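Protein chains in written order, with our numbering: chain A, 1 to 242; chain B, 1 to 566.
Simulated from the structure, these hints should not be mistaken for laboratory data.
It is possible that part of the hints are untrue.
[Said to hold, decoys possible] Okay, derived cross-link-like pairs now, DSS-like style, lysine-lysine, Cα gap no bigger than 30 Å in a straight line:
no.	chain 1	residue 1	chain 2	residue 2
1	B	Lys453	A	Lys151
2	A	Lys151	A	Lys84
3	B	Lys269	A	Lys109
[Stated by the list, open to error] Listed below are several chain B residues computed to face chain A (Cβ distance under 10 Å; list not exhaustive):
no.	residue
4	Phe110
5	Gly209
6	Glu249
7	Asp297
8	Phe298
9	Lys327
10	Met406
11	Ile408
12	Ile425
13	Leu428
14	Phe431
15	Asn432
16	Thr435
17	Phe436
18	Leu438
If you're wondering where the values come from, they're calculated on a predicted model, not measured in any experiment.
Quick reminder that beta carbons are idealized off the backbone N, C-alpha and C, glycines included.
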Amino acid sequence: MITKILTLYFLLIFSSSALTLSDVDTKTFIDSNTFYDQGDYKNAITKYHELINHYPKSGELYYNLANAYYKNGELGKSIFFYIKARNILPRHGDVKYNLEYAKNQKIDKQEGNLNLLNLFNIPFNEDELLILVTVFALFFWIIMIISLYRKTFIIVSTRYLAIFLLILTSMMLIIHTFSLKELGVITAQETSVFSTIGAGSIKLFTLHEGSEVVVLDKKDNWVLITLGDNRKGWVPSDKLIN
Amino acid sequence: MKFYILICLLIVANLCLAQIQVHLEVDSDTISLNEVVGVNVKVIGARNSSTPTINTNENFNIQHEGSSSQISIINGDTTISTSHQYQLSPIKPGTFTLGPATVEVNGKEFTSNTISIKVGGTTNIPNKDRNYYVEAFLDKKEAYLGEQVIYTFKLFNKVQLYNSTLEIPKFDGFISESLGSEKSIIKIINGVRWKETEIKTLLIPTRTGDFEIPPASINAKLIVSQSFFGAETKPVRLISETVKIKIKELPLANKPANFLGLIGEFDIKTSIEKNNIKRGESTTLTLEISGIGDSRDFPEPAIKTNDFKIYNDKPTFNKTIQGDQIKSVKTFKKAIVPQKAGTIMLPAIEITFFNPISGKYESRSTQAISINVLPSENGEDELKMATFNNLTSEKRNINLLATDLMPIFYHPGVLEGNFTKKINISHLYVFNILTFVLYIFLYYQKNMRNKLKLDVKKIRRNKAFGIFNKQFKTLKHQVNFASHASTMLREYLGDKLQLDGKSITTFDLDKIFLHSQISKTTLIELKNIFAKLDNFQFGGITISDQEKDKLLVTLVKIVKKLEKEI
Chain A
1 MITKILTLYF LLIFSSSALT LSDVDTKTFI DSNTFYDQGD YKNAITKYHE
51 LINHYPKSGE LYYNLANAYY KNGELGKSIF FYIKARNILP RHGDVKYNLE
101 YAKNQKIDKQ EGNLNLLNLF NIPFNEDELL ILVTVFALFF WIIMIISLYR
151 KTFIIVSTRY LAIFLLILTS MMLIIHTFSL KELGVITAQE TSVFSTIGAG
201 SIKLFTLHEG SEVVVLDKKD NWVLITLGDN RKGWVPSDKL IN
Chain B
1 MKFYILICLL IVANLCLAQI QVHLEVDSDT ISLNEVVGVN VKVIGARNSS
51 TPTINTNENF NIQHEGSSSQ ISIINGDTTI STSHQYQLSP IKPGTFTLGP
101 ATVEVNGKEF TSNTISIKVG GTTNIPNKDR NYYVEAFLDK KEAYLGEQVI
151 YTFKLFNKVQ LYNSTLEIPK FDGFISESLG SEKSIIKIIN GVRWKETEIK
201 TLLIPTRTGD FEIPPASINA KLIVSQSFFG AETKPVRLIS ETVKIKIKEL
251 PLANKPANFL GLIGEFDIKT SIEKNNIKRG ESTTLTLEIS GIGDSRDFPE
301 PAIKTNDFKI YNDKPTFNKT IQGDQIKSVK TFKKAIVPQK AGTIMLPAIE
351 ITFFNPISGK YESRSTQAIS INVLPSENGE DELKMATFNN LTSEKRNINL
401 LATDLMPIFY HPGVLEGNFT KKINISHLYV FNILTFVLYI FLYYQKNMRN
451 KLKLDVKKIR RNKAFGIFNK QFKTLKHQVN FASHASTMLR EYLGDKLQLD
501 GKSITTFDLD KIFLHSQISK TTLIELKNIF AKLDNFQFGG ITISDQEKDK
551 LLVTLVKIVK KLEKEI
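Construct the complete structure from the given sequences, taking the supplied hints into account.
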């Protein structure tokens, strides 16, 4: 009976299938890269966007798109997509470098507000954390099963290690999930931030292209943003990307 | 000696028995807004009391000045008292209640009386008739958004003031910048020597509208009289008037399209590191925007040219206060790389600012710069090199290539993503649940097994019917039918009742089932079958197949009954 259950279980584990890549998408990807190399950034941007609709979790695509936006002179959008790429590829050196490179071009000084956008610098993306949590949970239950039959020092110690790893990764996942904020980046060369909805209200401060903001609310064609240091106000929605 | 000890004991006894009283007193219960009055809290009957806390209901500022203790013996009565002195200054006009004061002695709280204090407006004595007064004013009644405004606070005194502490108001709606420490001068007016102390603050309005800057105040001490034992002082509080200002929006008329929010009076200068360079080499262009006003937020000036590739470095900013003005310098450095050989003109760069003095938008521009570009030595047309200078420290100790973005990803495999995209997380969840269920199952099974191991009697009882059934299937064809059937039945009873089954006889049955739950009918039937089997076994009677069948039916019937009843 036990043998049957275990066989069925391991069959299920190893039955997962990998994603397959279609020829059309491969061609679109090669075409968009060719447009990029030829300096036709607008067409490259269009193609990358098409691909992102099919592969919304490809950090490399966001990175390529951000590069194309940067080369096309759209600093705000490039910073926005570099950040999206960094969220998926948090440890990739090129993504980090290009994001910093683009940020150096922006006008507004925002070093103090970085904490707001990235509360805890967790070096894993959400999927990786989910996988880590589930793998460590599996590890934990397997160790628990082994410890039913063998209670050596190594097994008991490994059980504590499994508990520790499971708690650690679960905490990281919780922190990551609860610290997620909707990011916005100013795309207009210069935009005023108003105290209330409507261009007739009091101008609180001015932001320039590439400034990162946190989106708090949306109403009509206006977006309520904050810089995190008690500076909050409404911006026309066409002045930023989020 | 005994007498002194007795006296001390009497004093201590008196002190312990004394009743504790707390009194709150003020020097005057009618004061003006710019006056400071003394408050005294007297604690009678305790020496080691805590510092009293006085409830001001947030209508007064109160400051503890010190305390003193006193022991007096009058006609044998000993009184101990502690006085705590405070300075009280009102915040707003009106009639307010001060107190009670609360003091803690040996963990017990004692409260005082309360006092009603009437606070009038500021006293309107002409300044020339006073010994001291303060003034606060702005250098303008109206200003444009972002224009520099100077707030001045002045203290005039012809008598000496000590321990002055100044409270500058909060400048809501302005960015404030101190214009240095206070400056004092002596003036002789109508033969009287006046000391004038001045503190200036530079304000930059950040919002439009009518603003009121709240009063500033000074708390100080005035010497009333001096003697051999020291000076007697009186606290004084001086409050300035509220200052009003109107902040206007920048004029919309004639506002240039390239105006980027620069307010003040500025100039722009350019300089080029080398005028003669080879194609593909870089040279540094420096743009310096300097003048009166804050240029911190001024963006990178754009240069419209296709003849050069331009790489911007991080700008530097420096701000100084000269006189009563903020002067700033923002420096932009750009590495420029010519794209073709020949004499190329770097176009003029223009900046626009609003000058609040003239009330107009003004612009300044640089001269176009001519650069002589020689063909590159190796003839490579596409050579694009640029020096990456450490411009912030003006040192050129690093010459590295770092002028463009990192390249894009080319391999289509990136669409498939890394391992995270290949793993189906829902499968992982299922595996987790399965592992958990497997654990629970194995845990339960192990537990059951352990339990059964411990409970052998239970196993024997539970297995009795199974063993009987197994043997029953082959019973009919056994050579010694009666002997086998008898043994089976005895062993069944033995297993069921935890006895040695083989030794059970017909005569034992009454004893065994004396207190048992089986019915009398079942017992009689059991005895009968035992007797029958004994007869066949030991009586030498041959059993026919018909009898065998009857016995088998009876045997099964009786075992099933016993299974139910035991």
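A quick look at each hint next to the structure:
1. At roughly 20 Å between alpha-carbon atoms, Lys453 (chain B) and Lys151 (chain A) fall within 30 Å of each other, so this suggested pair holds.
2. A distance of roughly 47 Å separates the Cα atoms of Lys151 (chain A) and Lys84 (chain A); the hinted pair therefore is violated under the 30 Å criterion.
3. Distance hint between Lys269 (chain B) and Lys109 (chain A) is fulfilled; the C-alpha atoms sit about 24 Å from each other, no more than 30 Å.
4. Against a cut-off of 10 Å between C-beta atoms, the interface hint on Phe110 (chain B) is violated, since the closest Cβ of chain A lies about 44 Å away.
5. Proximity of Gly209 (chain B) to chain A holds as hinted, the smallest CB-CB distance being about 8 Å (cut-off 10 Å).
6. Hint status for Glu249 (chain B) relative to chain A: holds, with the closest Cβ pair at about 9 Å, below 10 Å.
7. Interface restraint check: Asp297 (chain B) against chain A, minimum CB-CB distance 7 Å, threshold 10 Å, status holds.
8. With 10 Å as the threshold, the beta carbon of Phe298 (chain B) comes within range of chain A, its nearest partner Cβ sitting at about 8 Å, so the hint holds.
9. For Lys327 (chain B), the shortest C-beta to C-beta distance to chain A is roughly 20 Å, which exceeds 10 Å, and the interface hint is violated.
10. The interface hint given for Met406 (chain B) is met, as the beta carbon of that residue sits about 4 Å from the closest beta carbon of chain A, less than 10 Å.
11. Look at Ile408 (chain B): its Cβ gets to within about 4 Å of chain A, closer than 10 Å, so that hint holds up.
12. The closest approach between the C-beta of Ile425 (chain B) and any C-beta of chain A is roughly 6 Å, which is under the 10 Å cut-off, so the hint is satisfied.
13. Given hint, Leu428 (chain B) at the interface with chain A, holds; its Cβ is 4 Å from that chain's nearest Cβ, closer than 10 Å.
14. Interface hint at Phe431 (chain B): satisfied, since its Cβ lies 6 Å from the closest Cβ of chain A, which is below the 10 Å cut-off.
15. Taken as an interface hint, Asn432 (chain B) checks out: its beta carbon lies about 5 Å from the nearest beta carbon of chain A, inside 10 Å.
16. A least Cβ separation of about 4 Å between Thr435 (chain B) and chain A falls short of the 10 Å threshold, and the interface hint therefore holds.
17. Hint status for Phe436 (chain B) relative to chain A: holds, with the closest Cβ pair at about 6 Å, below 10 Å.
18. A least Cβ separation of about 6 Å between Leu438 (chain B) and chain A falls short of the 10 Å threshold, and the interface hint therefore holds.
Checked against the numbered hints given earlier, the structure breaks hints 2, 4, 9 and satisfies all the rest.
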